[in-house]
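Student: Heads up: the sequence lines are chains C and Z, in that order. Per the working numbering, numbering of the first sequence is gapless, rising by one per residue and ending at 69. Per the working numbering, numbering of the second sequence is gapless, rising by one per residue and ending at 227.
Some hints here could point you the wrong way.
To be verified - FRET-style restraints, in silico, Cβ to Cβ:
{"hint": "1", "chain 1": "C", "residue 1": "L3", "chain 2": "Z", "residue 2": "T200", "range": "40 to 50 angstroms"}
{"hint": "2", "chain 1": "Z", "residue 1": "A122", "chain 2": "C", "residue 2": "I58", "range": "45 to 55 angstroms"}
{"hint": "3", "chain 1": "C", "residue 1": "T2", "chain 2": "Z", "residue 2": "R163", "range": "17 to 27 angstroms"}
{"hint": "4", "chain 1": "C", "residue 1": "K52", "chain 2": "Z", "residue 2": "R163", "range": "13 to 23 angstroms"}
{"hint": "5", "chain 1": "Z", "residue 1": "L211", "chain 2": "C", "residue 2": "I58", "range": "52 to 62 angstroms"}
{"hint": "6", "chain 1": "Z", "residue 1": "L181", "chain 2": "C", "residue 2": "I58", "range": "42 to 52 angstroms"}
{"hint": "7", "chain 1": "Z", "residue 1": "L84", "chain 2": "C", "residue 2": "P57", "range": "43 to 53 angstroms"}
To be verified - Computed cross-link-like contacts, DSS-like style, restricted to lysine-lysine with a CA-CA straight-line distance of at most 27 angstroms:
{"hint": "8", "chain 1": "Z", "residue 1": "K77", "chain 2": "C", "residue 2": "K24"}
{"hint": "9", "chain 1": "Z", "residue 1": "K151", "chain 2": "Z", "residue 2": "K138"}
{"hint": "10", "chain 1": "C", "residue 1": "K52", "chain 2": "C", "residue 2": "K37"}
{"hint": "11", "chain 1": "C", "residue 1": "K37", "chain 2": "Z", "residue 2": "K77"}
{"hint": "12", "chain 1": "Z", "residue 1": "K151", "chain 2": "Z", "residue 2": "K77"}
{"hint": "13", "chain 1": "C", "residue 1": "K24", "chain 2": "C", "residue 2": "K52"}
{"hint": "14", "chain 1": "C", "residue 1": "K6", "chain 2": "C", "residue 2": "K37"}
{"hint": "15", "chain 1": "Z", "residue 1": "K151", "chain 2": "Z", "residue 2": "K100"}
{"hint": "16", "chain 1": "C", "residue 1": "K6", "chain 2": "C", "residue 2": "K24"}
{"hint": "17", "chain 1": "Z", "residue 1": "K100", "chain 2": "C", "residue 2": "K24"}
{"hint": "18", "chain 1": "C", "residue 1": "K6", "chain 2": "C", "residue 2": "K52"}
{"hint": "19", "chain 1": "C", "residue 1": "K24", "chain 2": "Z", "residue 2": "K144"}
It should be emphasised that the hints constitute simulated quantities derived from the structure, not laboratory data. Glycine included, C-beta positions come from ideal geometry on N, C-alpha and C.
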Amino acid sequence: MTLHNKVRQARTQLGLTQSELGVKVSVTRQTVAFIEKGEFAPSVALALRLAKALNTPINELFWLEETAQ
Amino acid sequence: MKQFFSIKSPLWQILAATLLYVVVLLITYDKQHSTAEGFTPARIGMFVAAALAILYSIIYTMAITRYNKRNPHDKLSITGVKPAEIRDEDEGMRMITARATERVYRYHSFALPLSMVFIALSDASAYGVSTILFILTLGHYLTFWRGVWPAFRETSEE
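In isolation and in its complexed conformation, chain C is listed as follows (with noise of 0.2 angstroms):
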């Protein structure tokens, strides 16, 4: 299982760049990059802020998917 995100999306979406959204849930603008390009699987709490920062549910916002074998 492989963790998705449309953070990225959301944020464009709403006119932010990475470091605004870092302000937002309290976290620094790399960090942000590194959620957006896959690279980290933010805990549940970050996964919680930025969906409430996006104006996004959560399940909308991460989702996973089956990798394949």
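Chain Z: place on chain C using the hints.
Tutor: Chain Z alone, transformed into the frame defined by chain C:
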């Protein structure tokens, strides 16, 4: 390029280790070869290296003070035991540091035994041992740097 010289960059520790290595080599040389009193070339070199070490300490302290003024929420301690290059601003940076320290652990798990065997078999001199320790130290910081590189790579907004 700016990130390359950031206070969070292991470059500072590499510079400090290099200065220390030069001082150690000069002390070793002076102990082994110099019987003369006064200012021999090795002693002059030692003083120059010591002056460079003091200059480094002043610049490093100024860089930390500047960083602390710009980042009051993430202050670094000049005298503390936590190295400045450890990234722990948030969970993403802690993940990067965890991956980098795991790389360093793996590096030491083979580099230390190999060095011990090499020293034992080669009957290394004081210079040899100092050089091996310096190479180990360089490897340590370069391995860590390679691990935290993604945090330095992410320098611009996307």
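Student: Could you work out which earlier hints the structure fails to respect and list their numbers in ascending sequence?
Tutor: 5, 15, 17
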